[in-house]
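Throughout the sequence shown, residue numbering follows the working numbering, covering 26 to 288 in sequence.
Incorrect hints may appear among the rest.
[Unchecked claim] Quick list of in silico lysine-lysine cross-link-like pairs, BS3-like style, CA-CA up to 27 angstroms:
#1 K142 <-> K155
#2 K115 <-> K78
#3 K83 <-> K114
#4 K155 <-> K83
#5 K83 <-> K115
#6 K142 <-> K78
#7 K155 <-> K78
#8 K114 <-> K155
The set of hints was computed from the structure by calculation and includes no laboratory data.
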Amino acid sequence: SSAQRNCLLTEEDVEMISTLSLFTLNTLFCSLPIRCPPTLTMMKQNMGESAAKVLCEKQSNLGIITLNRTPALNAADLEMTSTIRMSLKKWQESNDMDTLILKSSSDRAFCSGGDIKAIANSLTTDPTNKLPEKALASEYLLLSELKNADVLKIAVIDGVVMGFGAGLAGVCDVRVVSERALFAMPENAIGLFPDVGFCHLSQRVWGTPPSVAAYLALTGARLGGSAGPAEDLVRVGFATHFVEASRVAALVAALEQGGGGGR
Numbered sequence: 026s027s028a029q030r031n032c033l034l035t036e037e038d039v040e041m042i043s044t045l046s047l048f049t050l051n052t053l054f055c056s057l058p059i060r061c062p063p064t065l066t067m068m069k070q071n072m073g074e075s076a077a078k079v080l081c082e083k084q085s086n087l088g089i090i091t092l093n094r095t096p097a098l099n100a101a102d103l104e105m106t107s108t109i110r111m112s113l114k115k116w117q118e119s120n121d122m123d124t125l126i127l128k129s130s131s132d133r134a135f136c137s138g139g140d141i142k143a144i145a146n147s148l149t150t151d152p153t154n155k156l157p158e159k160a161l162a163s164e165y166l167l168l169s170e171l172k173n174a175d176v177l178k179i180a181v182i183d184g185v186v187m188g189f190g191a192g193l194a195g196v197c198d199v200r201v202v203s204e205r206a207l208f209a210m211p212e213n214a215i216g217l218f219p220d221v222g223f224c225h226l227s228q229r230v231w232g233t234p235p236s237v238a239a240y241l242a243l244t245g246a247r248l249g250g251s252a253g254p255a256e257d258l259v260r261v262g263f264a265t266h267f268v269e270a271s272r273v274a275a276l277v278a279a280l281e282q283g284g285g286g287g288r
C-alpha cells in the first residue's frame, strides 16, 4: 500500500539517521576520559559467545527468531541484526511465511538494546572505524524491513526490553509481556536521543498518549518489571497482551505447535 511504502526507509534516510546517531555517540565517547581495560573488555565480550547469538529457524509457514546472547542480555550487535535481516529476506522470498515469532532464550531479557559497549570501544580505539555506522544502519534497516514485512509478527517479551529492543518488539503486530518485562528508552542517559522510531511507534502504532510518550523519551523512565505493574505497558500501548511469566513457555510452545496462521 502507499501508506506502507511511506514507512520504508530509503538509503538516504538511513545514512542521515546513522550519521546523526554516530555524531552523537562519537562526540560522547571520544570526549570521555574513561578507558576500559582491554583484557577485561575482551573477557566480557567473549563470555558465553561460543553459542550462536541469534537463532533463526523456519517451520513450514512459521518463522522463529530467538535472541540467544544471554550474557549480554541480548544486546544486539551487527552480527545479530545482519543475521536476522538475511533470514527475513530469505523467508520472504520463499513466499510461504505468514507468521513470525520473536522471542528470547532467556527470561532475563528480550533485548536490552543495541550493543553500545562495542560501539564505544571501537570509537575509543579508532574514532574513524566504520563499525558504529554499519551497526546503526543495520539496526534501522532491520526495523524498517521488519515493520513492513507482510506477515503477522508476534513478540514474546519476558525480561528487559529497552532501546533497540523496544523498537524490535514495538514494530510487531502482537506484543505479549509478562510481569518480568522491564521497558525503558534509556538513550538520553548517555546523551543520545531516543531513536529506533520511538516517536513514530508511540504515536502511530502503540497509541501512547503524547504527554506520556514525551515523558518516557525525555526521562528514560522505566515501566513494568521492578519499576511497576506490567499492566502499565498495556496501558501506554507498548504491549497488546499480558501473560503470567509462569505461562510464557507454554504460550511459546503453543504458538510454535500451532504453526502460522497469518493475519
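Original post:
For this structure, which hints from the list above don't hold up?
Top reply: 4
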